[in-house]
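Residue numbers (the working numbering), protein chains in the order written: chain P, 175 to 579; chain U, 372 to 684; chain E, 3 to 292; chain L, 117 to 360.
Just so you know, these hints were derived from the structure itself, not from any lab. Incorrect hints may appear among the rest.
[Unchecked claim] Using 20 angstroms as the maximum straight-line C-alpha spacing, the simulated EDC-like pairs for lysine to aspartate or glutamate come out as follows:
#  : chain 1 : residue 1 : chain 2 : residue 2
1  : E       : K147      : P       : E361
2  : U       : K377      : U       : D675
3  : P       : K230      : E       : E187
4  : L       : K206      : U       : D675
5  : P       : K339      : P       : E361
6  : U       : K541      : L       : E211
7  : P       : K397      : E       : E187
8  : P       : K207      : U       : D396
9  : U       : K541      : L       : D231
10 : E       : K97       : U       : E526
11 : P       : K264      : U       : E526
12 : P       : K479      : P       : D506
13 : E       : K92       : E       : E187
14 : L       : K206      : E       : E98
15 : L       : K299      : L       : D231
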Amino acid sequence: MKLSRRKFLKSGAAGIAMLSLPSVASADADKIKIGVIDTYSGPATIYTYGARNGFKLALSQIGYNVLGKKIEVLYRNSRYRPNIALKMAKELVLSEKVDFLVGTISSAAALAVSAYAKSVKIPFFDWIAMSGKISGADGHRYVFQIEVNTDMSGKAMALAAAKEKYKRYYIIGSDYEYGHAIAESFEKNLTGLRKDVEIIGKSWFRVGEPDFGPYINAILIKKPDAVYAATGGRDMVPFLKYVNFTGLAKKTAIFDYTATDTATTEALGDSMPDGIYGGSPYYFYYPKTNQNKMFVQSYKEQFKKWPVFTSPNGYITGNLLIKAIKLVGAVDKERIINALEGMSISSPVGKVYVRAYDHQLIAPVYVGRTKKTGKYPFATAADIVTIPGDELKIPISEVKRERGL
Amino acid sequence: MKFNRKVYILLILIAAALTAPLVLDSYSILVLSEIFVTALFALSLNLVLGYGGMLQFHQAVFLGVSAYSYSLFVLHSGSFIIGIVLGPAVAVIFGTVMGVFLVRLSGIYFGMLTIALGQLVWAVVFKWYSFTGGGNGIPSVPLPGFLSTSTERYEATLIIFLISAFALYKIVNSPFGLLLKATGQNNTRAESISVNTKVVRLTGIVLSSFFAGISGISYVIYSQSVSPDILYWKNSAEILVACLVGGIYTFAGPIVGSAVIILITTIASQYMEYIAFVLGIILLVSVLFMPDGIVGFIKKRIGDGIAANKRYQ
Amino acid sequence: MDLSIVASYLLIGISRGMFYFVLAAGLTLILGVLKIINFAHGSLYMLGAFFMYTFIGIAGQGTGAFFLSAVMAAITVGFISFIIEQMLLKHLYGKEHLMQMLLTYSLVLIFGDSVEMIWGTDYYTVAMPKLLSGSYHIFGTYISKFYLLFLISGLLTVVLLWLYMYKTKLGKIARAVATNRSMVEALGINADATFMYAFVIGGVLAGLGGAIASPAVNITSQMGDSIIIKVFLVVIVGGLGNIWGSLIAAIIFGISESFGVLIFPRFEIAFPFAIAAIVLILKPRGILSK
Amino acid sequence: MLQIKDISKSFEKFLALSNLSFDVPEGKITALIGPNGAGKSTLFNIISGHLRPEKGKIVLKNKDITGLSPHIISSLGIGRTFQIPSLFPKLTVKENIMAAYIVRNGKTFKFFGIDRKSEMAADSIIDKMNLSEVSNTPVTSCSYGVGKELEIAMAMATNPKLLLMDEPTAGIPKTEVGNIIEKIKLLCELEHITVFFTEHDISFVLSIASKIVVLNQGELIFEGVPKEAMESSDVKEIYLGKDA
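Construct the entire structure; sequences and hints are all you get.
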């Protein structure tokens with residue numbers, strides 16, 4: 175086969191790639207490296223900075239040092255794109271040789287990184303993404319869900335709604351994984367608790383929808399008793415702004431998980447309508463335990479901001495990891511995972527624990543209604559009801575069924 | 372057989388690429404296999420863009436459709452070989468169906484239709500939650516046994532790239548290749564020498580979708596996961612940038628362009644935040660000062676060089 | 003559905019359509035005159051919103067301040083378009099359209115990140131001016147006053163564009179250039195001036211679009227992405243370069259979307275792409291073409 | 117060879133051709149003359165299939181070819197050269213010619229290897245048209261004259277029965293015109309190709325054409341031998357103005 179002379183050299187340019195990449199890390203023993211992948215641009219930042227700061231607080235409280243080993247944390251911005259998050263996870267594991275992976279507000283990214291973590295046997299802690307599949311259907315030995323997931327939060331909102339007198343519900347939500355998952359869980363639990371409840375309509379808007387007019391108008395026409403809004407991190411604020419200036423909140427009750435969370439109320443300021451039912455795994459002003467007061471005080475000191483619902487998740491993740499490493503006495507991943515299974519820890523929201531079977535954090539949810547009390551320049555949650563984690567957790571038989579075992 | 376300097380260099384490069392896993396650390400190997408996947412994908416685009424003169428603004432559809440077909444088929448039925456064949460086959464079906472409509476248009480209209488059709492496929496894959504996994508895509512896609520280690524996966528992407536690139540090189544320099552180039556450069560003149568330009572352009576689109584389909588399989592081998600992102604138009608724009616930076620009127624341009632873009636983004640992402648900004652500047656400079664791309668620029672330099680010393684001989 | 007509900011949806015649909023038209027008009031003007039797709043149109047829309055945020059910060063919260071800031075934001079984006087055209091695009095006029103389009107795409111990448119460098123990665127939102135917050139109780143339902151803003155700016159765009167295209171010398175030349183550029187140059191008229199004006203007007207309209215949308219959306223570097231794909235489709239259906247075609251197409255899209263919430267199944271997001279593909283295949287010159 | 121049967125064509129309001137009828141004899145050189153805008157190029161585009169007439173028929177050797185797509189008409193034996201050389205800019209001179217042969221030899225869908233036959237045929241035409249020195253240079257870097265000659269070479273490569281030549285001497289310096297005339301005669305006598313060309317320079321036409329067709333504003337003014345054309349008052353009227 176005569177190789178034609180002229181052009182074929184050019185297609186051999188693969189050689190240019192021969193120069194070896196500046197792989198930084200050498201896996202020295204006296205350092206613990208943690209890789210954090212999350213979305214650090216755009217609207218998600220009000221939640222992702224919260225988790226990161228909680229994590230930093232936990233590590234700074236032990237001077238970034240455990241068992242004489244220095245802790246180094248590397249942050250990567252995956253810009254909400256799953257394939258970029260996966261690529262960064264590979265870079266952190268293969269090039270930086272990190273011992274643990276932490277991250278992601280986006281459920282799609284969490285699932286992708288979790289699958290990769292399983293293949294390289296590196297523990298991955300998901301601290302914001304709430305999809306039930308992370309610890310449920312797609313759960314495995316190397317993933318930990320340090321966040322109340324959609325099954326639990328949907329159930330919490332259903333428990334709160336069941337106490338009220340509303341019968342005709344309209345469901346509206348962001349058209350992606352989180353929106354569908356939490357709306358499904360809410361509907362399943364509520365119709366289970368209250369046989370008289372009826373879902374009179376559903377509609378889904380695109381993430382980043384600029385104009386909610388038609389969607390709110392459709393609700394006004396159907397005149398429901400109450401609306402369940404499954405709005406994710408990127409649509410929460412614009413949606414509630416629309417609810418405010420169309421006066422929808424005055425005409426119908428509204429349930430929206432994390433609507434009462436400080437990140438949301440602070441962003442909306444005085445355009446946050448009163449009386450919105452919201453659930454959140456944490457408020458900086460509730461529970462009124464002194465551990466929470468100390469957490470809030472040192473958080474505000476270090477970051478000049480109120481902690482949001484993701485801050486304790488970061489804090490708990492850090493403390494769980496430190497406690498496990500100290501218990502095991504070495505950076506031995508398999509033994510650390512065994513130590514973490516069933517481990518309980520005291521936290522700003524009281525005693526919480528990691529369920530052994532599916533590595534799901536069992537923590538409470540506090541449901542209240544938004545109210546501008548004037549104490550802060552933003553609304554806070556009023557008449558808060560605590561729903562303990564054990565009441566929210568999904569039976570292990572259900573998890574087994576989801577995993578098809 | 373008389374080999375000359377250029378072919379020797381090529382053989383050395385291929386040998387070096389084949390033996391890379393012995394020398395380089397596993398992350399560099401991963402980046403290299405990403406380069407081979409992207410380079411093949413860029414070559415498939417350039418068949419219609421540089422040679423065929425068609426504004427294909429959404430080539431990622433064919434890669435995505437092939438990757439998804441393989442993943443969904445293997446998840447449900449498990450037989451890898453059929454999955455590997457199915458990927459490019461489905462890509463060719465999409466290429467043909469879209470091509471039949473695309474060849475009726477030209478220029479901007481052709482480009483806009485590629486975006487409209489491509490985004491239609493993205494929207495369906497993104498929304499068909501029950502079948503394609505919607506926004507989550509398929510986080511982990513099973514691969515055949517012989518591709519279990521990262522080195523095996525690397526060699527697979529390399530060999531797929533070498534064979535496909537060689538085939539594409541042969542096609543570009545074949546009689547059909549000549550007619551495709553002719554049609555791309557002057558459609559009226561091609562018609563007046565009895566070239567059935569619609570059929571030639573359609574064949575070009577179908578061939579390009581076939582090779583994009585192969586790069587879809589190579590992509591799944593490299594990333595082991597698929598998400599709707601790979602079908603989004605921005606993914607097609609990024610590969611268009613790679614082709615232009617490398618040089619769309621040369622064969623090796625897309626390969627060099629892909630290597631440069633991936634190396635820069637990979638290295639930059641370890642140190643800085645704003646990778647898109649870097650890419651934007653590179654594209655701006657290429658468009659304004661190096662429209663023929665890196666390879667085109669070098670070729671002109673060598674060309675002038677040879678012409679210059681000819682005059683002095 | 004009784005008449006008042008249909009009427010409420012028509013009103014919302016038309017005002018949404020007007021918003022799309024503000025963006026589509028600029029894009030199709032550039033397409034008609036320069037024969038290129040301005041991929042950076044979405045980034046200019048985003049810049050409009052960011053400048054609006056900055057000017058509102060300076061001008062304050064009053065309704066007058068809102069409109070002044072909107073105009074200022076639009077003009078600033080127009081000025082940026084002027085710089086882009088004169089410093090960058092102008093050098094490529096002789097070259098292939100692909101090069102010009104890739105230049106606009108490089109701006110998408112550059113603006114996306116520079117916005118985060120300048121304004122930071124936090125996200126911003128603009129308070130709704132008092133005059134526009136709340137809603138009217140008409141047609142038996144609540145129509146938010148915010149739509150007034152869309153309607154006014156849409157009508158304003160229609161009038162201004164009509165004046166420019168039919169009443170000014172440059173506008174007439176622009177129309178001539180859109181139909182047959184070589185003929186215009188053969189007559190010794192400098193087409194480049196019309197390119198500059200078309201690109202700047204396109205920028206002003208994109209900036210205005212961003213400014214008027216700012217109270218309703220998250221102002222972030224990704225805000226341009228989803229809306230711009232929709233505006234592309236409006237331009238296709240209206241006919242590339244056909245401003246009045248894009249007006250009709252924008253209203254059709256607005257109405258079909260606002261009714262879509264009630265009727266379309268979950269695949270609603272795929273419909274606009276399908277419509278655009280069909281129109282391109284059957285009537286490439288758009289719905290108004292003969 | 118070719119019959120034009122009452123062809124009419126209008127662009128919106130402008131009437132380019134109105135029921136035009138004449139025929140082009142086989143084996144001869146026929147000239148189509150008339151002032152600019154008389155409809156010469158429009159007629160050529162209709163014959164070659166790039167435009168569709170509203171009314172009338174084009175018949176090639178008693179086969180109706182009206183409305184067929186350009187590549188089919190070309191494959192039926194109608195070659196074409198353009199007023200401004202329209203070639204494949206980035207391809208070399210040899211590749212331009214080879215393209216025509218590849219189609220002719222039915223090798224359009226040969227995806228691998230080389231078409232030896234087309235290469236040799238192209239080389240022979242290049243020698244015949246003494247273009248060998250520029251054979252491997254891309255057309256963009258060739259002179260205007262080479263472009264004109266390449267047009268003729270490519271036309272010959274398609275082995276046409278009828279060759280439409282749109283102003284073959286346009287842009288050629290006076291000294292070179294003789295060379296082009298020789299080439300056209302060579303095409304007609306040696307290769308037995310019927311030539312039908314447009315021109316607005318009367319003197320060149322008289323020396324070469326055996327039949328002349330004169331158009332003005334889309335209407336047929338005169339059809340016949342060159343000698344008669346010179347005497348016909350209508351022809352003089354268009355060219356020399358009213359008071360001639």
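Hint by hint, here is what the structure shows:
The hinted pair formed by K147/E and E361/P fails the criterion: a straight-line CA distance of about 33 angstroms is larger than 20 angstroms. Between the alpha carbons of K377/U and D675/U the distance comes to roughly 18 angstroms, so the proposed pair stays at or under 20 angstroms and holds. Of the supplied pair hints, the one linking K230/P and E187/E is violated, its CA atoms being roughly 65 angstroms apart against a limit of 20 angstroms. For the hint linking K206/L to D675/U, the alpha-carbon distance of about 17 angstroms falls within 20 angstroms, and the restraint holds.
With a C-alpha separation of about 16 angstroms, the suggested pairing of K339/P with E361/P holds against the 20 angstroms cut-off. This hinted pair checks out: K541/U and E211/L have alpha carbons roughly 16 angstroms apart, not beyond 20 angstroms. Proposed proximity of K397/P and E187/E is contradicted: the alpha carbons are some 62 angstroms apart, above 20 angstroms. A C-alpha spacing of about 19 angstroms is found between K207/P and D396/U, which places the hinted pair at or below 20 angstroms, so the restraint holds.
Proposed proximity of K541/U and D231/L is supported: the alpha carbons are some 13 angstroms apart, at most 20 angstroms. Between K97/E and E526/U, the direct Cα distance comes to roughly 41 angstroms. Violation of the 20 angstroms bound is thereby established for this hinted pair. A distance of roughly 18 angstroms separates the Cα atoms of K264/P and E526/U; the hinted pair therefore holds under the 20 angstroms criterion. Restraint check: the Cα-Cα separation between K479/P and D506/P comes to about 36 angstroms, which exceeds 20 angstroms; the hinted pair is violated.
Using a Cα cut-off of 20 angstroms, the hinted pair K92/E and E187/E holds, with the two alpha carbons roughly 16 angstroms apart. A threshold of 20 angstroms between alpha carbons decides the hint, and for K206/L with E98/E the separation of about 14 angstroms falls inside it, so the pair holds. Between K299/L and D231/L, the direct Cα distance comes to roughly 28 angstroms. Violation of the 20 angstroms bound is thereby established for this hinted pair.
In the structure shown, a violation is registered for the earlier hints numbered 1, 3, 7, 10, 12 and 15, in ascending order.
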